[in-house]
Structures are given as structure tokens and as C-alpha cells.
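Number of protein chains: 4
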Amino acid sequence: MGLFGTAGVRGPVRSRLTPDLAVRVGHAVAAELASPELVVAVGRDGRTSGAALLRAVTAGLLAGGASVCELGVVTTPLLAYSARDGVGVMVTASHNPPGDNGLKLFIAGREASGSAEAAVAAAVAEAPAPVRWDRWGSSSAATVRRSYLRAIDRYTTPVGADARGLSVCLDAGTGTGAMTSAPALRAAGAEVVVLNGQVDGHFPARASKPTAATLQTLAAMLRAGSFDLGIAHDGDADRVVFLAPDGEVIHEDTVLAVVASALLETTEIPDPVVVTTPNASRRIDTAVDAAGGRTVRVALGDLQGGLATHGDAVVFAAEPWKHLHPGLGGWIDGTASAVLVTRLIAERGLDALLAPIDELPYRKLSIDCPDARKRPVMAALAAELPELFPAATISTEHGLRVEFADDGWALVRPSGTEPKLRIYAESATVEAVVEPLTETLERLI
Amino acid sequence: MGLFGTAGVRGPVRSRLTPDLAVRVGHAVAAELASPELVVAVGRDGRTSGAALLRAVTAGLLAGGASVCELGVVTTPLLAYSARDGVGVMVTASHNPPGDNGLKLFIAGREASGSAEAAVAAAVAEAPAPVRWDRWGSSSAATVRRSYLRAIDRYTTPVGADARGLSVCLDAGTGTGAMTSAPALRAAGAEVVVLNGQVDGHFPARASKPTAATLQTLAAMLRAGSFDLGIAHDGDADRVVFLAPDGEVIHEDTVLAVVASALLETTEIPDPVVVTTPNASRRIDTAVDAAGGRTVRVALGDLQGGLATHGDAVVFAAEPWKHLHPGLGGWIDGTASAVLVTRLIAERGLDALLAPIDELPYRKLSIDCPDARKRPVMAALAAELPELFPAATISTEHGLRVEFADDGWALVRPSGTEPKLRIYAESATVEAVVEPLTETLERLI
Amino acid sequence: MGLFGTAGVRGPVRSRLTPDLAVRVGHAVAAELASPELVVAVGRDGRTSGAALLRAVTAGLLAGGASVCELGVVTTPLLAYSARDGVGVMVTASHNPPGDNGLKLFIAGREASGSAEAAVAAAVAEAPAPVRWDRWGSSSAATVRRSYLRAIDRYTTPVGADARGLSVCLDAGTGTGAMTSAPALRAAGAEVVVLNGQVDGHFPARASKPTAATLQTLAAMLRAGSFDLGIAHDGDADRVVFLAPDGEVIHEDTVLAVVASALLETTEIPDPVVVTTPNASRRIDTAVDAAGGRTVRVALGDLQGGLATHGDAVVFAAEPWKHLHPGLGGWIDGTASAVLVTRLIAERGLDALLAPIDELPYRKLSIDCPDARKRPVMAALAAELPELFPAATISTEHGLRVEFADDGWALVRPSGTEPKLRIYAESATVEAVVEPLTETLERLI
Amino acid sequence: MGLFGTAGVRGPVRSRLTPDLAVRVGHAVAAELASPELVVAVGRDGRTSGAALLRAVTAGLLAGGASVCELGVVTTPLLAYSARDGVGVMVTASHNPPGDNGLKLFIAGREASGSAEAAVAAAVAEAPAPVRWDRWGSSSAATVRRSYLRAIDRYTTPVGADARGLSVCLDAGTGTGAMTSAPALRAAGAEVVVLNGQVDGHFPARASKPTAATLQTLAAMLRAGSFDLGIAHDGDADRVVFLAPDGEVIHEDTVLAVVASALLETTEIPDPVVVTTPNASRRIDTAVDAAGGRTVRVALGDLQGGLATHGDAVVFAAEPWKHLHPGLGGWIDGTASAVLVTRLIAERGLDALLAPIDELPYRKLSIDCPDARKRPVMAALAAELPELFPAATISTEHGLRVEFADDGWALVRPSGTEPKLRIYAESATVEAVVEPLTETLERLI
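Chains as they are written, first to last, in this note's numbering: chain D, 46 to 490; chain W, 46 to 490; chain A, 46 to 490; chain X, 46 to 490.
Be a bit skeptical, because a hint or two may be false.
[Stated by the list, open to error] Heads up, incomplete: computed chain X residues facing chain D, CB under 7 Å, no partners named:
{"no.": "1", "residue": "Pro64"}
{"no.": "2", "residue": "Thr93"}
{"no.": "3", "residue": "Ala97"}
{"no.": "4", "residue": "Arg100"}
{"no.": "5", "residue": "Ala101"}
{"no.": "6", "residue": "Thr103"}
{"no.": "7", "residue": "Ala104"}
{"no.": "8", "residue": "Trp181"}
{"no.": "9", "residue": "Ser184"}
[What the hints assert, rightly or not] In silico negatives: residues of chain X with every beta carbon more than 12 Å from chain A:
{"no.": "10", "residue": "Gly47"}
{"no.": "11", "residue": "Gly159"}
{"no.": "12", "residue": "Trp178"}
{"no.": "13", "residue": "Lys254"}
{"no.": "14", "residue": "Asp330"}
{"no.": "15", "residue": "Asp334"}
{"no.": "16", "residue": "His355"}
{"no.": "17", "residue": "Asp396"}
{"no.": "18", "residue": "Ala400"}
{"no.": "19", "residue": "Ala424"}
{"no.": "20", "residue": "Ala427"}
{"no.": "21", "residue": "Thr441"}
{"no.": "22", "residue": "Ala477"}
Worth flagging that the hints you see were computed from the coordinates, not collected in a lab. Everything numeric in this text was worked out from a predicted model, so none of it was measured. Ideal Cβ positions, reconstructed from N, Cα and C, are used throughout, including at glycine.
All chains, please: the whole structure from these sequences, using the hints.
Right, dumping it as C-alpha cells:
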């Protein structure tokens, strides 16, 4: 595996993301991405290893000749916002376990592209000597939250309505999300109760990754209280999950469909595009069509590619739980979506908001498959699919995608990080789709 | 009313605790309390006016010639701990509404005495000119949380048992309490879920003062979840309230009795004393007696007086919700009690802990009485009491206190801050005590 | 006298510029100048009272509803640069004694105009209550030196030549000037030795105001060493004074003429204007004429007025020691001029640089005159002047100015701050000008 | 060469003291020296690589499980003072060129001993993995200058007299020395003019190491001005050099003799000891004898060894330019000596102070000698010495030391860092001593 995965450099702090590596990556970023004119913004989430790794990456940046502006403990969107005209490095492992940490690079507010990451990885491998002593960079500090909150406010105000009277329970999970989402939601008018809003890198309250399983306290809270909405972030608040007042997680694809519709309704962009990924469900296409937009699918993890291709036409680019708002900037921003959904509920009520979204039954599962077998198995499956689903349309652009007449679909793709194949399926008769796929794959593997 | 009330200088920030007043108080503290050798520790809770008032009081201190160490946003116990060998000023209105703020003075870790406050008040009235320009003080900064948490750990370890397996819900109410109580409880082994742990001076989640009425979200949370204990602080975490897993507030006097007993059981002080106030119930005396201690009552708000009189013999000094631990230091510390009670429940279970405490029925009420009438009415009541309760013993040391044969008692005292008389009564037949008192007072007024 | 003099609010810290006043001015600035969108930049020079007064003015700003960005110890030009798109408050008494301090307001990088100051003064007099508790401002921090130094570099590079090989002695006088002028001069290529570069508000080394009398150590240093130039700033580095290698102060008007010429030579502005004041000598006009520019005189202390009137045509606006560079921004900037003059010497040598400047003999003196007598005496003098100097041209725009055929001139004006009349005269026969003026005035008074 | 030389880890920042190494050393210090109870104090001088390396060593400390208190830019004595009860790491290359940097370890205020350094070096070689993620340390910050200055004041007050009226020129050489020596000298009453007091890691004004050659600007300044004393520090102010008003460097051994005498005169220690090194001249012994003390010599660089052996009896331990004051703490402190010498001159005048010191003519020179030849040449010289100087006493404890009847002496020792032999000689007829030694050595080599 290369240095950079789908979410930057990431791994356990004892064996992979050590201070040594952070120094080398900082140095490489300085060498490859920073010009003398630029100041690199650096920040971190609240992980126990963050204080050390932030210093290490800063040391590398300075020794590589970059100048650095230290933002301290922030959310990833806040860091990206601060790097909207430059380069940024965020020390976070996002939704990973507390013993992991990572480095995420931003250029002009966007996650670094594969080619930029490759250049940095090459420089890390080279391990160049520090620059001459009189060219080491200097560091400064700044606080940016106020300006970011103003940007969030400007961006979200055209959508939905003032949330006065709405009561939201925000589960920050001892991540950094409360520092932006709590004031942003309050600025939108909502009353906010925060669960574990104190930053604590031990993640003592729940795992960083917000899922139905890890959000049981929030769900209990919602059932016990009289809240209109539950919202949860991961440790660095790029991700966002919504829960209904009954404690049930609102399906991530439904959220995408709702936000996409609302943004399409208020946009002034002609022929607007929504970018999403192959694992995102058909209901998004339906909603986007209804709102007068066009859906474009890009490979999982490549929202930036979609933005690059469709430029100013894109009003929203998202994969499940991760929403990028081009009208705000080129980064994934959980706080922006938290405010948007809250304002939409304030305007329409949750039921009315979800009603138009057509939720076909959905399944998602994984099948063990050694890495070496992935390619031949996928090829064999491609050969068998037409026979398996004679009535369906098959596309091979991003994995193998099968489209059914009833608006249902299925997708099979090899995992990028684990020895598994993933099956996603959505259909009025989802079991009738999943079962033959599973059997075929197990036989082929 | 003088400048200082029972809890320092306090009031609305628009009309009373303005930056002007904070400058003058800072200056007066420098003039009266600070020697050139001393550095005055300053800190604040999270109120919206705190950033300004902290700067104002610091400006006054410096202009008065004191040197200042700035601790930023802290709890009151943390500030007091930092001033354990010197002088401290805490910018907090504790449990007051968000539009109030205040200044609390500490000398050698103890709240300033009346005479020290009088000296400061006199200097404020005088409004002296700043000291000569070359004697203005200098400022430094420090972080103290780590050393404080270590002190809490050392102090609490001998009591109760490791809390591994215990689950606590801590309601910080967007005050500063989570910054010390959450890690301290975790250090004691407990699992902690925090409600509103992010600091927010708007107190958007609940009022700063933790009462049954303001803790409804916590109570709902406790009923919904599977917690062993609920704990709540006010905005600056000197106060502490405990809730049972069913969401009911544990009576503040019962908490006092429990903590007092436990400290007496582990102390090595010969002939140990527990200091409390007249409004604290008989159940404390009973528990203290049983644990081999002696109860001493001082006027409400004068725990320091009790400490001064009984010196090293005091193992615990408390009024309802406010616990001072001489073994830790001379300040009221909600975090220390939070850990102690948690460790006691870990050792014995909540039911076993509360079982020995004898809770007689208790009533507390107020009767309107103009300030000018307070003194004659109290005198008249004193004259009538022997006739009203012929079998009781009457003492006049702190208000009028009546002791009954069944271990019951009643206390009548004029309020120090409102045009009211207060009646407290605890008895197996409490209505039979309160009714004649009320009738008599209403007649006399 | 009003609250604001010619250089903001200024005075002794014990009797005038107390923390109380600073709180009130901060509050008034928030009320009158700050909009909710703006962040007010605040900074201070190194005076012993600066730490307190900076906090006090910040407290007032926050209580008045403004948000604040704290820059710490900076030069006045650095503060003005940071407020180039907003509002700034600098805590400095510039060249005053160490027991004084002051507050200087900047709007859009320019010193606040009289009308803005009047609005603030009116708000100070009103002493409004703080804004509602939930509208008090918030504070952040930032470091700005790097970006400022880059701006200086960009601005100065077109003038003169790289100063490699030049050796400069910079006397910072324990003011803040070394923090920008030392690196800026080094960036220009010069070798720099700094006298009293450590910031110390006691001004133990010399008075803040750089004059021939206070710069004796620097002069001795220049005579002893092998320096090409001496440069001195006042405590906040808006002022600048230059000394020749022999330790002699280069006349402030000559410096103006040199800088004006160089800026005119490199400007691309058509019909460029140089703004100066009536007390600045004729040699400026001569140099400006020769370089193809036009000189405009405004009242002393009113450079901003000249900028307002002549807008984009102004390439330089200066009174003795105080240089405003419109190409950099609307503030007086001693560091910019320090670099410009150094680069000019690098290009041409000091002798060649000064040679074209025609230094007629110059005199400046004061005559005691009670404030009440100023107006009638000036009127009487105006009546007598035509008789006194029959061949001269007389103008009454800014005081009484007499122009002679030999390019000489004289100016009489009442002091704005002291009970004196000032006489300035420059002429080949300067005594023949000053003597009759003095006699006449003494008679009239 | 091992990791640690005579002054910690030191070398060029591009090839040796890189951020990678700093991370590893920080980690090793945490592993070997820090206990969970301890907070490691870290600081740096002003070198351009200091910001990066401080962060790198802090990252290593945290990843190794230590907690860290960051002091920022300080002098080495200030860092050592802050670590007087714990462990400290100073990022400095002291008097080395600007392209070098280094790490100096302190334990209980003393430079780490050889065995502690060996333990750290072993841990660096091992390169252990970071500790478990939940045991990484936390960081805090503090400012310590005020308390240090008070300690200096208390320590120096018993010696000499108030320096009111004395004028001192302090050459900080853009190191950090002005931050403590300037205020300490002023607190002692002296007027202070500072040369290059602004911190600048480029060392643009002079090399960090203060020698007659690098102090020419200071010498010129002294000759030009009317100063009573010149004082110079290296970049981190452990070293100190004194210059007479005529610009001449006062011999470093004379300074030792003067300070030793004065400390002996005021001590209350019975049978007091002065520790010094073999290269320090006879005049020290003479002065110590006269003042009632006893001189003990230890190997160069091993003052700590002398302290360990003679414990509480030591009143002063010094090698040329580096003075350790046991009454203040176990570190080398240039500021303390700066104040002491100034107070002595205030009391007695420079001439009277130096008069008793018997300065025999002194020579110090080096002879090239390959490392491999050092040992045989020294052995051969030892064999020939009795013949060369028949009347002298010869000792072999630290190199070869020859003592003459006229109080003169000579020392030959191999350099620890260069391929050279060093000859030191002091005698009324110094050439008659040096010449035969040189000839013999050149022949033997």
C-alpha cells in the first residue's frame, strides 16, 4: 500500500503514524506544495497523540522551509476553510479508533489530489535533508472560528427557515464538532443539547465513528427527551449522521437526497449537477431529477474528480455521511449539512421532508476474498452477470453495476482497504438480488 | 448593600459588574492584598462577559502594581487551587443567570474573609490613582489542570473504591465543570457521559444553577440510560448535585451526611470536627455522631469562620451543595465531592450508602417581611417561642433554632439578600412545626 | 482640551490615561466605529503600562459589542497595517516620556479623522452601559509580522538598490522598532547592528523621542564604528531619524526631500503630488519640482486631509520625521522609510544622495504668548507684515507664511498644545528674517 | 563519537541535529529520565531552526509518555532554573555557528551526567516505539522569567554594592541574554545600553561566541562611550565575558578569581571550596587562598563531578567563561555573574577589583597532532618532562601539569574534539616555558 490511502496518511500511532513519519511528511509537504509566499495552516483534532504529531508535522514543515500558521484543536472543515486559499495539514484519523491518527492534506480548501499526494509520498521516500538553516520557516498562530461561523451562516441562510423553537441533540462524541456545530445551530435559531461536547482524545464516551451501534446513548436520549432531531459527528466533524426523534438513524442516502434537493431548489446555477458515488442509492437520482438537476457518479473517494470535471455546475458533491458544499468551499463539511438539515426541518417538518424520498429496501454486505483473487473473481462475475439478471442493464464503469426495471440496482466492487468484496443492493425485492450475487461470488472465490 | 455579598461581588454586567467596576476591584485587590512578592492568579468561567471582565480586572491589578498569572477559562476550584499559597481572583457568577457576572477573591486558597473584603471595598470606594508607571505589574500565563487533577487523585484515593464498571452521567451545563470532573472521574475508573461539556457562556442548555427543575434533561437521560449516578455542577463547578439512576435528586443534606461519614471513617485526625450551617439538617449530626465526629454549626456563608476556629480538627466543612475539603485545601470543590461520592458508590452501592441516613420530613419556606420589620419581628418571635413549643430547647446563636425531642428541629432567620424571613424545619411531624410558626410570623409582621 | 489631541488620546498613566479611561474609549470605539462584521485589531508598544491598558481597552471593546484580534507587542505601522481593511486601536504614547501612554485609532489603515474622533469622544462622555450580555464580543489572536514584512519588501524593492555591503546601526531605543526594521533592513541586504533592540517600557537607554540630544550613544557608536548609516525610531516606530556616519543627524526636511524625489522618480502616477506641512522647508518644494511632482501643503497634523483631497495622485505625504507612503498604506511608517533611504544610499552613496538638496540656513524658535493673546497678536502681525517685508509674498492659509525672492520663507503659527507662538524660517539670510519677526511679536504680545 | 559530546548533542541542523534526531532524543529522554510525576521543561534559544527542533523534541517527549511544559524562547540558565526540581531540555547550540543547533539535558537544575546521557543515547539507538496511545503525554505552557529574576536578585544582593550610577554596555549578540541580564542589571541599579538585544537566530550582528575578535563592535562602543563595564553573552547566555572601559577583554581567569574571592568573602560555609579546571590559571588559586578557600581541580567539562564530590562545601565552580553558582543552583549562569561583577565594581571600582589579581604572563596554543598519535606523544612527553624542567613539580592527573617555583605552571593536554594538543602556560618567563615544550612536542609528533 502506498503512503496515502483514500483519506490521507492514516494508521496506529505506535507502528505507523509515529512522530518520525509526521516529521517526514511535513518536510515533504513543504518541499512539494509550499511556495515561499504560502503559509501552511496546521491543526488537529483532540486525539491523545495529536499534540505530539501536530508538533512533529510542524517541525518537518519548518525544516522544509515552509512557514506555518498554527490553529490548534479544530474540526477538519475549519482547517480546510483556513486553507481555502493555500495549503493545510490536518492531524486527524477522523472516524478511526483512538489509537490511530492521520495526516490529511488540503490545497485551496480541497483534499489533495492523487498526483499531489504522489509527489509528497515520493518526497517522503527520498527523505531530503533540511533546507539551509537560514531558510527554515517561521511559525505564527491564529484563531479562525469566528470567520468560519460567519461563512457557514451566509451559506446556509438561503435554505429552509429559521430554526427557532426546534430542539436538537448534538452528539459530539468528545470530538471537536461541538466547537462549530453547537454555535452554528444556535445561530440558526435552534436549541441545542450537546452530548460529550468536551474534547477528549480517549473517546471515552463512544467510538469516533458515528453509527447506529455507537450512537445508542444519543438514541436513548432522543427517545427520552422531546427533541426534533439528533445529529452526530465523527471526531473531526467532517462526517455527519442524523437521527429521527425516535432514535432511528435516518438513512445516509436519504439525507443526501434531501440536501441535494434543497440546494437544487435554491441554486441559480443553470443545468446544475450533483456529484455522488456508485454506492449511493437510486433515491438520490430520483430526487435530483425531480428538483431539476443532473446526477453524476464518480469513483468512491473521488468527489474531487467530479468537481474537477464539472466545475462550476456542481451544487453538491457527496458520498454517504460526507457532504461537500461547493457554494461554501471544496471540503467535506459536517457542520454545514447539520445546519442545512435543521433549517429544512424547521421549514417543513421532518416527515414532510422525508416523504418525497423513495426508500427502496437496501442491503449492504461484504464477502471475504483474498486480494489476489479480487481481479479474476470480478472478471468471472462480469461474465456471468447477464445470465444471472437477464432483464437488467449492466455497467462496468465503477465496479459492476446492475440496474433493474423497478428502479432497483446492485453494485459489486472490491474493497480498497480490506480483503473483501462489497455488495450494495437496493430494490423492492432486495433479497432476490443479493442472494444470487452472494452465491455466485462465494462459488467464484 | 456593601460591595461584597455572601459570594464576592456579583450582579448584572450591564448595570453592576461592568468593566469599570472590575478595573477598580482589581486595583483595590492589588493595593490591599498583593505584596510585591506575590503573583495574583486570575481566571474565569465561560460567561460571554468573562473575556472582557477578566481583562478589566487584570488591568486593574497591573495598574495597582500586582503581577498577574493568567489561567484562562477554569473552574473556581482550579483557580482556588492555583492560589493555594497566594491571592486569586475568579471572574464568575457561579450559579447566577448568564447576564450576571462576579468577582470572587481567594487568599491562600480560601475565599477572602469579611475583613479582607471590607479592606478591598474601602479601596474601591477611595479609587486611588494607579501606582507610578515603573511599578505597574507584569503578566504571565500558566496551565494548571494537570497538577490539580493529581491533587484530586491523591486526596480521593483513600476513600471508597476504584469505580471501574460504574457509569456516570455528568451534566456540565456548558459550564467549565467538564474540564476537571470528567477526567477526574475517569481517573477514578468510571465511565463518563457528559451532557453539554462544551463551554458556552450563553448557557443555552440549562441555567447555571443545578436544581431539580433545571436538570430535567439529565433526569430524562438517567431514566433512559443505564447509569449508576448523575452528577451536575453549576457554571464554575464549585457546586455539585447528585441524582439517583431514577432521575431523582439526592437530597443535598443526605449528600453532606454521606461524605462527612466517609471522611470521618478514613481520617487520622483525633477528635475530628465537621463544620456545617444552621439550615443543614439533623441527619448530618446523626451521621457525624455515628462516625465518631463532632458537628459544629456556623452562620450560613461562614464556613471559613468555622475553619478558623477549629483549625486542624476539621475534616469537612459544608453547606448544602457546597463542600470544602480541608485535606485538599480551603476552597469549595465540586469535583472532589463528585469523585468521592462516585468512589463510595463503587464500594458500597448507592442504596447501601444512603440507607444509614435518617431522612426526617423536611420543609423550607419564606415569608414576606420588609427589611425594617425583620429585627422587631424576630425579637417578638423569640419572646413567643417558649410558649409555642414548651417542650423544645431554643437557641439564638444563628437565628432562632428550636430543637425537639424526636430529633426534629426548626430554624427561623431573616434573609440576607431579600425582604423575607426563612423557615426551615425537619421533623417526623413537620407540618405541626411549620404551621404555628407561619401563623405567628404572619401575625407579627 | 478635547479628549483627542493631534495624536489620539495621550497623557500620564496616573492622572489621565488610566485603565478606567481606556475601558471607556474601547467601549466608545465599539459603539461608534465597529460593525458586527468587523474585528478590531489591538496592539501595544512596550511601555510598562501597556499590558494593563491593552487589556482595559480590549475589555471596553468587548463590552461594547466589538470582536477583537489581539496582536500583542507591535509597532504602530504593524498595527495600522493589520487594520488596513478595518478598525485598529494602538496603545502607545509614541515619543512621549515612559510615564505617559495613549490610544491611537485607525480606520482602514489611516489615523481616525477628526470627525471619527469626535464621535468617539462624544460616546466616551456619554458613558453608555455595556451591550446586552449575549452581544459582548469575542477575542482572538494572530501574528502579522511576516505578512507586513513582505508588504514592506514589495513596496521598497522598486526604489534604490540592494543594500548588500552596507552597514547600518539601528537605534531602537528599547522601543518596538527592531522587530520590523531590523529584519526589513536585512531583507534589503544590509548588515544591521541594533542598539537597545530588546523591548523595555522603562526606556532605560534613552528617551523614546529620537533627537540629536537623545541619540548621543548612537552618534558615538557611528563615530566609533564603520557604519554607512544610523537610523533611529521612537518607541512605536512610526517616526524615523537618520544619522550620517559622522554621527550628525541628517535634517528631517532633507530626508523628506530625498524620499519624495526617489518616489517621484519611480512612480507611474501621472501628475503626482507630494503632501507636506507648512513647517517643512522650501528644499522639499525644490526637490519635488525637479522630480516632476507638485507639492501641496496642509495644516500640521493633517496629512490625512491632503490624502483625502488629492486621492490617488499622492505618492508621498510627510511632515518632518513622519512619513506616510500611500503605495504601502495610509499610515505613517518609519520602517518603510528606513528601508527606502538605505536602498537609496546603496545605489548612490550618501553624499550623492544629499548633494542635490539645497539646504538654506534654517531656524525654528518659540516665543511665549498666553493662549488668550494668540489670536489678537496673529491678527496684528498679519497687518504689519507687508510693511516688515515689502518684497515678500504673504499667505495666510496655515498661519502666516512669508515667501522671499531668494527661495527663503518664514512661517509664524500659534502652538496647538502650548502657550507659545512658533517661528520657522529658512533663508540665505535667516537672521535678517527672524530678528524683525521676533522683535515685532515681542512688542505685540 | 557518541551522541553526546561535552555539551550535549550538537551539530549542523542539515546533517546532524535534524528534526528526526530531535524526536528520537525527546523520546529517549521521556523513556529514561521522566517519571509520570514529572513535567519536562523545554525551551530554546533564538536560532532559526529552534522553532522546528523545539516542536520535534516536544513531539518525542510526548510520544514517549512525558508531560511537557513549554517555556518558549529563553536563556539556558532560565531553562535550567525551571528544571531545578525536575528534568529540562534546552534547544541550543550555545556559542556554535548559526547553522548548528543542539539539545542540552538538565536534571534537578544540573546538566545531565555522563551516565544519564549514556542511558539516553542507548535509548536513542534502540529507537523504541511510542508508548500506548492513551499514555502519550500532555503539554502546558508557562512563563518563568519573573521568578528567575527574583532568584538572581536574592542571590546577588549580599555581594558588592548597589550599582546606581554605573553604566554598563551589554552585548547580547542577538542571543537571548538581554531578556534576563538587562533587567537583572537594571534591578541591581546599573544603567544598561544593550547591543543587539533583539533575538535573531541569524546572528546577523556577530557570531554567537563572544571573543575579542567577535566583540569588536562592543569594544568600539566602549571606547567611544563613557561606560564603566562591557558584558557579552553567547546565544543562550550561559557564557559571560567582561570588557574594561578601554574595550579590552578582561582575562577570563581573572574574572574567575574575582568572583571566587567575592563569594568566599561573603559565604558562611565552613572550609569553603572553589572547583575549577586544569586550564584555569594559578591566579585563581592565589586569590582563593587569600580569601580563605580551597581550590579543587576537576577535568575540563566536569564541574558537576566536582560538585558531586565536594557537596555543600562548594561556593563556586567555574571554568573560563562558564560560572556555576551553587548558592543559586546547579547550572552555569552568565546572568548571575554579570550582576555579581557589576555589583563588585560598584563597590570597589574596576581597578581596585583587579589589582589584587596577580596576572602572570599567559600563553595558550595548539599543535597539530593526529588523534592516533596523541596517546604515544603524551607518554613520550611525560618521560621527557623531568629532564626539560628539572626544578619543577609534575602532576599527571588531568593531562601533564608542570608547576614552577615562581608560581608559574604549564599544562599539556590532548583536545577532546580536534586533532590537536593544547599547551597552556602562565609564568613570569612564559616564553621560556612554551618554547621548549613546543619544540619537544613537534619533535615527538
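Holds or violated: is the Cβ of aspartate 330 of chain X farther than 12 Å from all Cβ atoms of chain A?
holds, 38 Å
Test the statement that glycine 159 of chain X is away from the interface with chain A: the closest C-beta pair must be farther apart than 12 Å.
About 36 Å separates glycine 159 of chain X from the closest Cβ of chain A, which puts it past 12 Å; holds.
Beyond 12 Å from each Cβ of chain A, as asserted for tryptophan 178 of chain X
Answer for tryptophan 178 of chain X: holds, closest chain A Cβ roughly 30 Å.
Would you settle whether the hint for arginine 100 of chain X is holds or violated, based on the nearest Cβ-Cβ distance to chain D being less than 7 Å?
The hint holds - arginine 100 of chain X has a Cβ within 7 Å of chain D, the shortest such distance being about 4 Å.
If you take the shortest Cβ to Cβ gap from threonine 93 of chain X to chain D, is it below 7 Å?
It holds, given that the least Cβ distance between threonine 93 of chain X and chain D is near 5 Å, below 7 Å.
12 Å Cβ clearance of lysine 254 of chain X from chain A:
For lysine 254 of chain X, whose nearest Cβ neighbour in chain A is about 17 Å away, the distance exceeds 12 Å, so it holds.
Taking the shortest Cβ-to-Cβ distance between aspartate 334 of chain X and chain A, state whether it exceeds 12 Å.
holds, 40 Å
Separation of glycine 47 of chain X from chain A, once the least beta-carbon distance is taken, above 12 Å
About 37 Å separates glycine 47 of chain X from the closest Cβ of chain A, which puts it past 12 Å; holds.
With d taken as the least Cβ-Cβ distance between alanine 427 of chain X and chain A, does d exceed 12 Å?
holds, 49 Å
Agreement of hint alanine 97 of chain X with chain D interface, Cβ distance less than 7 Å
At 4 Å from the nearest chain D Cβ, alanine 97 of chain X passes the 7 Å test, so the hint holds.
Once the shortest beta carbon distance from tryptophan 181 of chain X to chain D is found, is it less than 7 Å?
holds, 5 Å
Does the CB of proline 64 of chain X sit less than 7 Å away from some CB of chain D?
Cβ of proline 64 of chain X sits 4 Å from chain D, so the hint holds.
Going down the numbered hints, you'll see the structure goes against none, and every one checks out.
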